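Listed below, chain by chain, are the residues.
2 protein chains.
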Amino acid sequence: MEITGLRDIFLSKEEFFDTEVTVSGWVRSNRDSKNFGFLTISDGTFFTPLQVVYHDNMENFNEIAKLGVGAAVIVTGRLLATPDAKQDFELQATVVSVEGDTLPDYPLQKKRHSLEYLRTIPHLRPRTNTFQAVFRIRSQIAFAIHSFFQERGFVYVHTPIITASDAEGAGEMFQVTTLPLENIPMHEGCPDYKEDFFGKKTSLTVSGQLNGETFAQAFRDIYTFGPTFRAENSNTQRHAAEFWMIEPEMAFADLEDVMFIAEDMLKYIIQYVLINAPEELEFLNQFVDKELLARLQNIVKSDFARVSYTEAVELLSKENDRFDYKVEWGCDLQTEHERYLTEEVFKRPVFVTDYPKDIKAFYMKLNEDGKTVAAVDCLVPGIGEIIGGSQREDDLEKLTKRMEEMKMNLEEYQFYLDLRKYGSTRHGGFGLGFERAVMYITGMSNIRDVLPFPRTVGNCEL
Amino acid sequence: MEITGLRDIFLSKEEFFDTEVTVSGWVRSNRDSKNFGFLTISDGTFFTPLQVVYHDNMENFNEIAKLGVGAAVIVTGRLLATPDAKQDFELQATVVSVEGDTLPDYPLQKKRHSLEYLRTIPHLRPRTNTFQAVFRIRSQIAFAIHSFFQERGFVYVHTPIITASDAEGAGEMFQVTTLPLENIPMHEGCPDYKEDFFGKKTSLTVSGQLNGETFAQAFRDIYTFGPTFRAENSNTQRHAAEFWMIEPEMAFADLEDVMFIAEDMLKYIIQYVLINAPEELEFLNQFVDKELLARLQNIVKSDFARVSYTEAVELLSKENDRFDYKVEWGCDLQTEHERYLTEEVFKRPVFVTDYPKDIKAFYMKLNEDGKTVAAVDCLVPGIGEIIGGSQREDDLEKLTKRMEEMKMNLEEYQFYLDLRKYGSTRHGGFGLGFERAVMYITGMSNIRDVLPFPRTVGNCEL
Numbered sequence: 001m002e003i004t005g006l007r008d009i010f011l012s013k014e015e016f017f018d019t020e021v022t023v024s025g026w027v028r029s030n031r032d033s034k035n036f037g038f039l040t041i042s043d044g045t046f047f048t049p050l051q052v053v054y055h056d057n058m059e060n061f062n063e064i065a066k067l068g069v070g071a072a073v074i075v076t077g078r079l080l081a082t083p084d085a086k087q088d089f090e091l092q093a094t095v096v097s098v099e100g101d102t103l104p105d106y107p108l109q110k111k112r113h114s115l116e117y118l119r120t121i122p123h124l125r126p127r128t129n130t131f132q133a134v135f136r137i138r139s140q141i142a143f144a145i146h147s148f149f150q151e152r153g154f155v156y157v158h159t160p161i162i163t164a165s166d167a168e169g170a171g172e173m174f175q176v177t178t179l180p181l182e183n184i185p186m187h188e189g190c191p192d193y194k195e196d197f198f199g200k201k202t203s204l205t206v207s208g209q210l211n212g213e214t215f216a217q218a219f220r221d222i223y224t225f226g227p228t229f230r231a232e233n234s235n236t237q238r239h240a241a242e243f244w245m246i247e248p249e250m251a252f253a254d255l256e257d258v259m260f261i262a263e264d265m266l267k268y269i270i271q272y273v274l275i276n277a278p279e280e281l282e283f284l285n286q287f288v289d290k291e292l293l294a295r296l297q298n299i300v301k302s303d304f305a306r307v308s309y310t311e312a313v314e315l316l317s318k319e320n321d322r323f324d325y326k327v328e329w330g331c332d333l334q335t336e337h338e339r340y341l342t343e344e345v346f347k348r349p350v351f352v353t354d355y356p357k358d359i360k361a362f363y364m365k366l367n368e369d370g371k372t373v374a375a376v377d378c379l380v381p382g383i384g385e386i387i388g389g390s391q392r393e394d395d396l397e398k399l400t401k402r403m404e405e406m407k408m409n410l411e412e413y414q415f416y417l418d419l420r421k422y423g424s425t426r427h428g429g430f431g432l433g434f435e436r437a438v439m440y441i442t443g444m445s446n447i448r449d450v451l452p453f454p455r456t457v458g459n460c461e462l
Numbered sequence: 001m002e003i004t005g006l007r008d009i010f011l012s013k014e015e016f017f018d019t020e021v022t023v024s025g026w027v028r029s030n031r032d033s034k035n036f037g038f039l040t041i042s043d044g045t046f047f048t049p050l051q052v053v054y055h056d057n058m059e060n061f062n063e064i065a066k067l068g069v070g071a072a073v074i075v076t077g078r079l080l081a082t083p084d085a086k087q088d089f090e091l092q093a094t095v096v097s098v099e100g101d102t103l104p105d106y107p108l109q110k111k112r113h114s115l116e117y118l119r120t121i122p123h124l125r126p127r128t129n130t131f132q133a134v135f136r137i138r139s140q141i142a143f144a145i146h147s148f149f150q151e152r153g154f155v156y157v158h159t160p161i162i163t164a165s166d167a168e169g170a171g172e173m174f175q176v177t178t179l180p181l182e183n184i185p186m187h188e189g190c191p192d193y194k195e196d197f198f199g200k201k202t203s204l205t206v207s208g209q210l211n212g213e214t215f216a217q218a219f220r221d222i223y224t225f226g227p228t229f230r231a232e233n234s235n236t237q238r239h240a241a242e243f244w245m246i247e248p249e250m251a252f253a254d255l256e257d258v259m260f261i262a263e264d265m266l267k268y269i270i271q272y273v274l275i276n277a278p279e280e281l282e283f284l285n286q287f288v289d290k291e292l293l294a295r296l297q298n299i300v301k302s303d304f305a306r307v308s309y310t311e312a313v314e315l316l317s318k319e320n321d322r323f324d325y326k327v328e329w330g331c332d333l334q335t336e337h338e339r340y341l342t343e344e345v346f347k348r349p350v351f352v353t354d355y356p357k358d359i360k361a362f363y364m365k366l367n368e369d370g371k372t373v374a375a376v377d378c379l380v381p382g383i384g385e386i387i388g389g390s391q392r393e394d395d396l397e398k399l400t401k402r403m404e405e406m407k408m409n410l411e412e413y414q415f416y417l418d419l420r421k422y423g424s425t426r427h428g429g430f431g432l433g434f435e436r437a438v439m440y441i442t443g444m445s446n447i448r449d450v451l452p453f454p455r456t457v458g459n460c461e462l
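Residue numbers (UniProt numbering), protein chains in the order written: chain A, 1 to 462; chain B, 1 to 462.
Everything labelled a hint here was simulated from the structure, so no lab data went into it.
Just so we're clear, the structure is a prediction, and the values are computed from it rather than from any experiment.
Put simply, identical chains are the same to the list, so a pair is met inside one copy or across any two.
Keeping only pairs whose Cα atoms sit at most 20 Å apart, straight-line, the calculated PhoX-like set for lysine-lysine is: (1) K301 x K347; (2) K421 x K66; (3) K421 x K110; (4) K13 x K86.
Let the sequences and hints guide you as you build the complete structure.
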């Protein structure tokens, strides 16, 4: 049986007018009169549901009339233009066959549910308008990111999830083990990792960057797109224990190139969603964030602002009265500061560059002033930091010195130092938190509502 | 400084002839004569390296002449067609600036290294011809998979990596924990998981399918593409502890639809690589597998064969003499059987369908015979099973009965049963092992050579 997706019908409706089609979907509403009725059905391929008209000349009219919200049907009929009605067209059904009925306790009856309630039913919430919009846009953003980098010749690299290094000490890590927790084999007072699967202590990755750099020194332009983890006991709207990151890395590139590609990428993915999910964005603009569309359209057109960390601190410290954390040179910027800069001062995305070396990672390139490094954060309205990047230290001597200052184990990073020994190049890259990008583009304010199955402290459902 | 990628030059060479360009790259070879020399450089964007000619009228001629393999350079010059030479064109350099020199102990001198040796330097092996080919093709296959599904309206879903369920009991799992292994808090003789990060015992996912099904019942067509894990102590050429899987799932679809999309997808990604990586495939065909190109071209053109498990067992049991494991109805097929079917009997990819229910997972749809399920494996020459799929049991009663027979904890699968209560649909999907696909398309025979940083028992480097 040939089933046509509603997306095909809605996007090429003229081709289908006055022809017979078979569609499938789940009932969103059902209104029956004495001798006819209306079903609206959604098959998940298009945001807007289809109106189906059924009549009492169908032998299962009574069965259809009783169908509840959520039931699955397959409908054959003729698509008719309805220029005078609210919707452009409707399907005059000849056959409505019930694929799977539903039960009266179906939790998603036709009314609005709170996001909090919907989080308790992660297996059903994708059926609601809000999550139809959010998760289709999430998928589109992911594909736009791949398209953006592939069109530019970047090679996609799967950096490892299980790792024996702590990368950059970027955060608390989850341990991965096959040792029996009820009876850990010990050796001289420590767990005997020789008995563990990999013969050493292993964890879930916090960043693929260092691995990514090894590939950039071979393919010039690469990107990663994979899950990363933080075992941080923080229960905020913006943090999850498991989230996805995109980390491009470019050889023969400096901080200027990093900013160029970051701005270009953000505009590309927003443009992609504006073109491919107009119905979803319209819905989110109406029910979630009234300024969403205006903000997205504005970003595509405007150049991102630029300010050095030192200049930003000057701007912010004048306004210290309004901040919980007072700003002075050398401190890390908090979300309140970031949002003030991007929302109040610049009113658009802004790159903040050249941070004090002491608040940034060991691998960032030391500037000539000896105090700051060639780091860049991209701040966007409503979110704060969405991208963090840098030019990397490519000088073997300076890098070794910095790692020694920070008391790092050079032995463990021999592979990373090798990149500076054999054909070192100026290079840089950034990390984009994927969920932050999805929040930004959908207007959703809680990371739990842009992750299909969110993992946060105390929560690991399904 | 505007640096042009070698890919742009090789793919649009006429546009660059007789113009000045600046390129970058790493030295592959350096031959100098008295008053001139040749560098071949590769920038990682294109498989074929570029020949650069330099002369003693350049002030750093001596420095250039001494450059070793692996050094990084930036070269400005004029691109000249050389119709009488081996290569179509060369770059007559005016400036060669040394970006980063290399050391005499650079492990990748200009000679062939064994794959075993290269596995010991995973941070450098991407610079070799073999791994330039393999990892660019890996990236292209990944993108082709996304393109295939997105063009068909499938929604990409990130199913969770950390999970509290054991999915289908598909294999040994890695445990994920923040409990201190040197001092596990105990409660009544068991680890006290209330103290663990998620408040319960958690592991790394072995499959995203069950989660994927929840989204298919909302979006109709979805796919996952993410890492999966097996803590199996098996040291074979085809198994890794961490690998990537693609798991599409379609509502309103039967086993026929599953096979159609699987065949279509495999042909699409092979066609994509044939078009986009001809130089890489040519190289692999010459040095890795002499039948690679013929095999790939053949698959794109041929219809996949189909045989039921019962028919396959009849064919195989006649040849039991040649097998280590003898075949009889009810047994699982081993790689030797799978390869015999696809390589000797059908000489092309083959779908084997309708396996005995007792050797397949609980969620597969029971056929009318009561003995077999609507399962399908796709076998390909040189590999054996590359895809495993099925139509899913969509009948609440039958599914519950089967789960009870298998003594599963129904409570834990309530979300999965809900999908059969509220608008159940015929549906199905499959899993493609991504590395198996990469092995198949590159001709590489060891999974360690298609994973950027392979994780196998006892091995977790970088």
